[in-house]
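K.L.:
Sequence:
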Amino acid sequence: MGTTILLIFFTVSTLIKAQDPLGNDISGDAQVGVVAHTLQKPIVVRALDDQGRPLKDIQVMFTILEEPKENIITEKFAVLSKNIDTTNSDGYAMTELTFGGTQGNYYVLTEARGENLIFKEIALQENWLLFLFFSVFGGLAMFIFGLNYGSKGLVRAAGAKMRDLLFSLTKHRFMALLVGVFVTVILGSSTASSILLVRFASSGIIMFVQALGVLLGINIGTTITVQIIAFKILDYAILIVGIGFFAMHFFPKLRNIGQAVFGLGLLFFSLRMMSIATANLKYLPTFNSAIAGIAAYPVLGIVMAALLAFILRSSAATIGIVLILAFDSLITFPQAIPFIMGANLGTTFSACLSANTIDGRRVAFGHFLFNTIAIVILFPFIDFIPAVIHVIGGDVARQIANFHTLFNIFTAVVFLPLIDPFASFLKSVVRESKKEMLKMHRLDPAFLSAPAIALGQAAREILYMADITITMLEESIRVFQHKDNDLRKKIVEMDDTVDSLEETITPYLTKISEGEMDSRLSSFHSALLGAVNEIEHIGDVISKNLMAYAKKQISAGFVFSKEGFAQIEKLHQFALATFRISIDALATRDRKLARDAVARKEIGHKMAKELNELHLERLRRGLKESLETSTIHVDLVSDLERINFHAAEIGEALS
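First residue of the sequence shown: 990, per my numbering; consecutive thereafter.
Source of the hints: derived by calculation from the structure; they are not laboratory data. We treat Cβ as the ideally placed atom computed from N, Cα and C, and that holds for glycine. Just to be clear, a hint being listed does not mean it is correct.
Stated by the list, open to error - Using C-beta positions, here's what the derived DEER-type ranges look like:
hint, residue 1, residue 2, range
1, 1235, 1566, 54 to 62 Å
2, 1473, 1242, 22 to 30 Å
3, 1511, 1371, 47 to 55 Å
4, 1511, 1456, 53 to 61 Å
5, 1065, 1437, 53 to 61 Å
6, 1414, 1114, 53 to 61 Å
7, 1271, 1403, 33 to 41 Å
8, 1581, 1241, 30 to 38 Å
9, 1029, 1399, 43 to 51 Å
10, 1114, 1279, 16 to 24 Å
11, 1005, 1072, 19 to 27 Å
To be verified - 25 Å max Cα-Cα, derived DMTMM-like pairs, lysine to aspartate or glutamate:
hint, residue 1, residue 2
12, 1479, 1491
13, 1500, 1641
14, 1478, 1463
15, 1533, 1456
16, 1598, 1585
17, 1472, 1529
18, 1006, 1046
19, 1478, 1456
20, 1590, 1602
21, 1271, 1014
22, 1581, 1641
23, 1071, 1100
24, 1540, 1473
25, 1541, 1475
26, 1271, 1100
27, 1242, 1224
Model the full structure from these sequences, guided by the hints.
P.N.:
Encoded structure:
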């Protein structure tokens, strides 16, 4: 008897978390369950002697060591099915845990013969996966809305400056790059900027080669948004929203800036909302395995991120998701690298789809090639990138933002010196059809939300319309000089183009007026509307009146008197000069030129009156040519005076 007691006393037991014969963990440690529910698997321990043999009839105590403090308030505590269990013949003892009413970490202490183990179990809210889906889905929608809404405020605040920058682009490639950075900071999205750039190129606002330099700046500009997101200021999102809201509604002068701040606050709030929801992903072994699996096949990560950026139409939103995972320690920097590359690639797809002209397609394809080639160059060094970025320092989120920035700076450094040969290559690959060469520029409704840019585009079309009408007026006198019926028909056909332009421009200007404009833009808008109307009137007078007189002269064989026709030519040149002065004033917004044009209205009226008196004098003298062409002569003088009047009216609206 005594011998047995001594044997038991000196036997040393080992308490371990249970494993099956193959060494797999069956202890029930680190399970994820639902609040107020029992875990699917029991908590199991095993008692072994110093030889590794199972010990039977060993008492094991189970105690809830720690649970969320909120359970004390709600009085919904965690419960164990057994606080004491005795090991069976295989040395196993177990209990079951039912969570309390609050999600969080639950710790269970097991003790036997002076040894103890701690189990950590995670409780999540019921339907947490559905909550995760709703939060991420809604958060992404809010993120993109905040990005777009805030950018509209900045566009209104800086729209005129952005327009002037784009219109004044030179062939200096570095200047074009800086413009791209500026535009993307304003719009907050490289996808939006590249689509806008494609539309500018498609509409002829900027040249194709210039657009390539801007593209490189766009890539760098979007990294500023990501750098801002990488700051851990999500907890202050509501404060930022509030500041923006009050600035919008109580400080009229700060309305546009307030809208930008409000949008930025929504952006951070959406990230905060998604961060709370995705924090629970770390409890899912399948998620961690998926991230590790993608890291093992980086090409898969690039493709997935590219598709997500295309679907969301935002590389910033895609990288924002990666940053959220980094905030919650769900992803490491090496694992994030393929996603960053993919986001930069996916942002080019939307621009490719929006391109509808030859230059637009070249710009979009150039953007795709820039980012694709950069990825191809860097991909072989993907394992060395973390060491380089680590030198800069920062947490995982900052490392992600820094790599995103350096990736796009690298792209700019590589391609900026090669813009011209790269442009030649794109021209050889993306060829222009004959139909496209003859295609007229279009007014893009996408610019209506930015009145400054939309008015600039409308002004360009009006100048094109005026150029056609000036040509009509120039050529009209030659029809009378040479009795050229073919030229007469050509001028009449040109008026069809003028009418078509008027039918396109006027509704576009009307839609612009539905948006918000400051007094300066509103004044320019009124001037453009007036100019379209006056130019269309001039075109009608030329085609329907002057060319009708020419047809009558050609068919009847009338000849103007030398003296009379010289006077008509003089009035024609005067009206043509007035027209040109007014259009120059419109193009340059030069009020002095506009006033000069207005002053010519009265001069033209007096000149016409004087010419009519001189014509009457010739009639009194009985000049044969004057008698034959009298009706046409008087009507010609009257209509040329009308043309001068309409031309001066263009300046009237600008002065």
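K.L.:
Checked against the structure, which of the hints given earlier come out wrong?
P.N.:
Per hint list: 2, 4, 26, 27 violated.
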